[in-house]
Each structure stands twice: as structure tokens, then as C-alpha cells.
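Undergrad: Letter by letter, the chains look like this.
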Amino acid sequence: MKRILVLFLLLALALPAAAQAAEVEFRMAPSSITINTFYNGTSLNVEGAVPVGADVVLRFSGAPEAVAMKEKGKALGLLWMNMNTLHFTGVPKVFLVESSVPLKDLGAVGDTLGLGGLTDKIGIEPATADRAMLLPELVKLKKSEGLYREAAGALTPGDKNGSLQAFSAKLPVPSRLSPGSYTVEVFAVKDGLIVGQSSQPMEVQMVGIPAFLADLAFNHALWYGVLASIIAIIAGLGIGLVFQSKGAH
Amino acid sequence: MSIPMELYLPIAGNSVNIVAVFGLGGVVGLLSGIFGVGGGFLMTPLLIMMGIPPTVAAASDSNQIVGASTSGTLAHLRLGNVDVKMGVLLLVGGVLGGSVGVQLIKILRAMGNADFLINITYVLMLGLVGGYMFFESLQAMRKAKAPKKAEPEKHVKSSAFARLVGHLPWQMDFTRSGVRMSPVLPLILGGLVGVLSAIMGVGGGFIMVPVMVYLLRMPMHVVVGTSLFQILFTCINVTIMQSTSNHTVDFVLALILLIGSSLGAQIGAILGKKLGGEQLKILLASLVLVVMFKILYELLARPDVLLAYIGGH
Chain F
1 MKRILVLFLL LALALPAAAQ AAEVEFRMAP SSITINTFYN GTSLNVEGAV PVGADVVLRF
61 SGAPEAVAMK EKGKALGLLW MNMNTLHFTG VPKVFLVESS VPLKDLGAVG DTLGLGGLTD
121 KIGIEPATAD RAMLLPELVK LKKSEGLYRE AAGALTPGDK NGSLQAFSAK LPVPSRLSPG
181 SYTVEVFAVK DGLIVGQSSQ PMEVQMVGIP AFLADLAFNH ALWYGVLASI IAIIAGLGIG
241 LVFQSKGAH
Chain E
1 MSIPMELYLP IAGNSVNIVA VFGLGGVVGL LSGIFGVGGG FLMTPLLIMM GIPPTVAAAS
61 DSNQIVGAST SGTLAHLRLG NVDVKMGVLL LVGGVLGGSV GVQLIKILRA MGNADFLINI
121 TYVLMLGLVG GYMFFESLQA MRKAKAPKKA EPEKHVKSSA FARLVGHLPW QMDFTRSGVR
181 MSPVLPLILG GLVGVLSAIM GVGGGFIMVP VMVYLLRMPM HVVVGTSLFQ ILFTCINVTI
241 MQSTSNHTVD FVLALILLIG SSLGAQIGAI LGKKLGGEQL KILLASLVLV VMFKILYELL
301 ARPDVLLAYI GGH
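Sequences listed follow chains F and E, in order.
Going by our numbering, the first residue of the first sequence is number 1, and it counts up by one from there.
Going by our numbering, the first residue of the second sequence is number 1, and it counts up by one from there.
Just so you know, not all the hints are guaranteed correct.
[As the list claims (entries may be wrong)] Just some of the chain E residues that point at chain F, by a computed CB distance under 10 Å:
1. Thr-70
2. Ile-259
3. Leu-300
Quick caveat, the hints were computed from the structure, so don't treat them as lab data.
Each residue gets a CB set at the ideal place from its N, CA and C atoms; glycine is no exception.
All chains should be built: construct the whole structure from the sequences, respecting the hints.
TA: In C-alpha cells form, the structure reads like this:
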């Protein structure tokens with residue numbers, strides 16, 4: 001009995017996945033992002049195929065985290081101040097969406113795939129908080145930092161091959177990126193329904209000097225602080241002395 | 001191949017243009033060399049505009065000031081502008097006062113409305129200090145032109161203060177500053193500035209400079225050098241504390257800033273020497289007032305985004 005149940009569950013899980021994987025596929029380059037000393041954002045090249053006639057939605061998102069924020073409000077009815085502390089949960093660090101047509105033209109599905117669907121999943125403590133006011137503010141803040149984006153038009157359709165239609169896209173990845181595990185997803189949308197989807201993990205890691213400094217700062221904080229001070233003093237003294245010899249003329 | 005102009009900052013988690021950061025350091029260093037203030041009030045908001053998280057901007061700025069004030073102190077030492085004895089006394093008072101202030105702010109936070117109090121303190125202090133300095137220097141500059149007149153009212157006030165100060169024990173000479181007073185006075189005043197700067201979360205240069213000028217009666221040029229000397233130690237303390245408790249010091253950012261600002265501070269020290277004491281005071285007063293109005297504006301105008309990040313990472 002138990003075995004049959006497990007088999008049934010496996011089938012139930014595997015069937016839709018198998019059906020979808022056959023319809024949507026993509027490759028991306030680079031397959032992981034390394035942050036070195038001169039990292040200044042990058043672009044992700046994605047090539048793939050979706051069923052003919054379907055619109056494509058490409059998403060780069062990830063590393064949901066809890067964020068503590070202050071809500072600004074009016075004190076004494078006059079002065080803008082940081083007031084209540086709010087705890088947001090499930091806030092992805094990055095949420096970039098690129099679609100073949102603007103998401104709003106995809107109807108209800110478009111909204112779920114974009115920032116609308118994202119904010120529905122974000123939790124706020126305390127529960128009495130005004131979601132309708134706060135969530136757009138959160139999105140506005142993240143957008144101003146270049147971390148959240150909804151864009152259309154950078155997806156170019158390619159050749160048709162049987163029932164599949166190729167596409168390629170160049171997705172700009174912001175410089176304000178922290179290391180972590182992200183996900184790249186491709187959705188095929190047709191007649192207001194998601195007809196196929198596929199996803200691949202995207203690892204972002206620091207290498208070289210940034211990795212060394214971050215390790216020092218987080219794991220040997222006292223040494224880091226002392227060293228930062230000493231080097232600053234030496235640099236200040238050095239520049240002071242150089243200036244003296246120049247100023248002597 | 002072009003030379004890479006963008007550098008990724010590991011703690012800030014963003015990349016910045018090296019030239020822009022260097023230039024920003026230079027301008028702020030110039031001000032700090034002229035006036036003996038840290039310049040954090042200017043640096044931090046500009047760094048935030050460049051895409052550095054606010055907490056990282058403030059902490060890295062302290063790290064930067066360590067270097068800039070070393071360079072500035074050295075320049076002023078050479079010019080004979082640092083009263084080390086006075087600086088140490090103010091510093092000891094400041095550290096003690098700072099600890100009291102940190103505890104005070106904890107209590108206030110627990111009671112809520114701490115931010116409100118901080119901002120109000122800010123506006124009042126800056127308005128008071130800036131306004132007083134501005135009009136005092138304006139009067140002094142006018143008086144220098146017009147023939148001298150006796151001012152009986154002010155005499156009574158200052159002599160009352162002087163009598164009180166004269167009664168304090170252990171009178172000693174501060175040769176660099178050319179004043180004679182009890183070490184208790186700078187200790188207490190340093191302590192008061194420490195409390196205020198801990199509450200306001202700033203280096204305290206803005207309050208310390210007027211305190212030295214008006215209450216300790218030190219000459220303006222010695223004030224600037226001594227203030228820088230004192231800021232150096234305050235900022236070492238802040239850098240280490242921020243590194244250990246919040247991990248918000250970005251050393252790469254600080255280093256680029258400080259190379260710019262150390263150069264600026266050297267030029268500032270020379271430039272300050274060329275300007276008269278009253279001119280220096282009135283310029284600093286204007287700067288203080290500009291900052292005051294900026295904070296006041298931020299309090300009154302509706303912010304773009306009604307949310308703000310808090311804490312470290």
C-alpha cells in the first residue's frame with residue numbers, strides 16, 4: 001500500500017515536470033558569476049527555446065532574506081521621522097524580470113510572474129502593517145537600488161524549429177550584487193497560462209581580494225578594524241610626509 | 001584594453017568609480033583641513049548617493065577620517081597649531097562622555113521616539129552653534145573696521161564665567177593655546193561634547209570647535225589643529241567598534257577616500273592659515289547652518305521612499 005502511494009506521488013511529481021522540461025529549455029553564459037576586484041555588474045546571455053507562439057518571461061531572482069526596516073511617518077503631524085520597525089520576510093535580494101512583451105499584456109499570469117506575484121509572498125511583522133502601502137514602497141526602494149526590475153524588449157526571437165521557437169536575451173546583472181545562490185528561470189506563457197517552465201541555479205561568489213577582505217571583516221573583525229586603522233594612519237603619515245617634501249620648494 | 005575605473009567593494013557590496021570617490025575624498029579633506037572638522041556630515045550622504053549602503057558609508061567614513069586627520073594633524077603640528085595637553089584632556093572627557101551617551105541612547109531607544117529626539121537635538125545644536133558663530137564673527141569683523149566701543153553687558157557675563165572657572169582647582173598653563181585654566185574645565189566640556197556626539201552619532205567636530213573657541217578661549221588656528229588631533233583618536237575608536245560589532249567598515253572604500261582627503265587636508269591646512277580667524281569662523285558657521293537647513297528640510301519634506309534600512313547586515 002505504502003509503496004503504491006509513493007509510486008503514485010512520484011508519478012504525480014514527475015509527470016508535469018517531464019512534460020514541461022520537454023517544451024522549455026535554455027542555456028546561459030556565464031553559468032556562475034564571480035565577483036573579483038574589478039567586478040562592475042555583468043550581463044547574462046540566455047539562449048533557449050519555447051513552444052511556438054508562446055511569450056517568454058526570463059527571471060533572475062534569489063536569496064530571499066529577512067529585512068528589518070524603519071517606516072517613516074509624521075511625528076506631531078509635521079516632522080518626517082523613522083517610526084515603527086518592520087520585519088519583512090522572504091524578500092529576495094535581486095529580482096530581475098525580462099519578458100518578450102510587457103508583463104501587463106500577459107494578464108493575470110504576467111502579474112504573478114512579476115513584482116506583483118513577488119510581493120504577495122512577502123510577509124510583514126507586525127501583521128497589522130499596511131501591506132497595500134508598504135509593499136510598493138519596498139519595491140520602489142529596491143528598484144532605486146537597481147535590484148528589482150521589470151523590463152520588456154531585450155528578448156529577441158530566433159528561428160522556428162518544428163514546434164519550438166528559439167529566443168535569446170541579454171540580461172544586465174547589477175553591480176550591487178552579493179554572493180549567494182540565485183535562480184534563473186524561463187517561463188513560456190500562452191493564452192494567459194504558463195505552458196512550460198525551466199530553471200537553473202546561479203551561484204555568485206567572491207574571489208581574490210574581495211573574498212579575502214570579506215573573510216577578514218566577518219571572521220576576524222577585531223584584526224580587521226585594527227589593521228584598517230593602522231593602514232589609514234600610515235597612509236595619512238605617508239601622504240603628509242610626501243606633501244612636506246613637495247611643499248618645501 | 002582600458003584601465004578599469006570601477007572597483008568592487010567587498011563590504012559595501014557594490015562597485016564604485018575610483019575617480020569619483022577620490023575626488024569626493026579630496027573635497028571633504030579640504031574642508032576638514034581648513035576647519036578641523038571630520039566632514040562626515042558631507043561625506044556620508046554623498047556616498048549613499050553613489051550606491052553605498054548608509055551604515056557602510058558612515059562606518060567607512062570614520063575609517064577614512066583616521067587617515068585624513070593623521071595627515072591633517074601632522075600638517076598642523078608642523079605649523080605649531082596642536083595643543084596636545086588640551087587635546088588629551090578633551091579626548092579623555094569625550095571618551096567618558098561618549099560612553100554615557102551610548103547608554104543614554106539605549107535607554108531612549110527602549111522608551112521609543114529616540115530618533116525624534118536625535119533629529120531635534122541635531123537641528124537645535126547646529127542652529128544654535130552656527131547662528132551664534134555667524135553673528136559673533138560678523139560683529140567682530142564690523143568692530144575691526146569701526147572704532148572700538150565698550151560693551152559692559154558682555155563683560156559682566158564673561159567675568160562671571162571667568163570667576164567660576166578661576167575657582168576650579170589645579171590651575172595650569174596651556175602654552176600652545178596661551179590660556180591658563182583648570183584641567184577640570186576641558187574634561188567636563190569634552191565630556192558634554194562626547195555625550196552629544198554619541199547621541200547625534202557624529203564625530204563632534206562641529207560642537208567641539210565652537211566649545212574651544214568660545215568657552216576655552218583658544219585661538220582659532222590652534223583650535224583647528226587640536227580638534228583634528230582629537231578626532232583622530234575618536235575615529236580610531238569608532239572604526240574598531242564598527243568593525244567588530246556591525247562589520248560595516250569597507251576598507252577599500254576608506255583607502256581611496258583617504259588618499260584623496262589626505263591630499264585635500266594638506267592643502268586645507270595651508271589655505272586655513274592664509275584666511276583670517278574671523279573669516280574661518282564665519283565660513284564654518286555658514287557650513288553648519290547649511291547642514292542645519294538640510295536636516296530641517298528632510299524633516300519637513302515628504303521622503304521619496306517611506307522605508308529605511310536599519311542596523312548592520
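Undergrad: Does Leu-300(E) meet its interface restraint, that is, does its C-beta lie within less than 10 Å of any C-beta in chain F?
TA: Check passed: Cβ of Leu-300(E) comes within 7 Å of chain F, closer than 10 Å.
Undergrad: Identify whether the interface hint at Thr-70(E) stands, where standing means a beta carbon of chain F within less than 10 Å of its own.
TA: holds, 3 Å
Undergrad: Double-check Ile-259(E) for me: the hint is only fine if its C-beta lies closer than 10 Å to a C-beta in chain F.
TA: holds, 7 Å
Violated hints are absent here; each numbered hint is respected by the structure.
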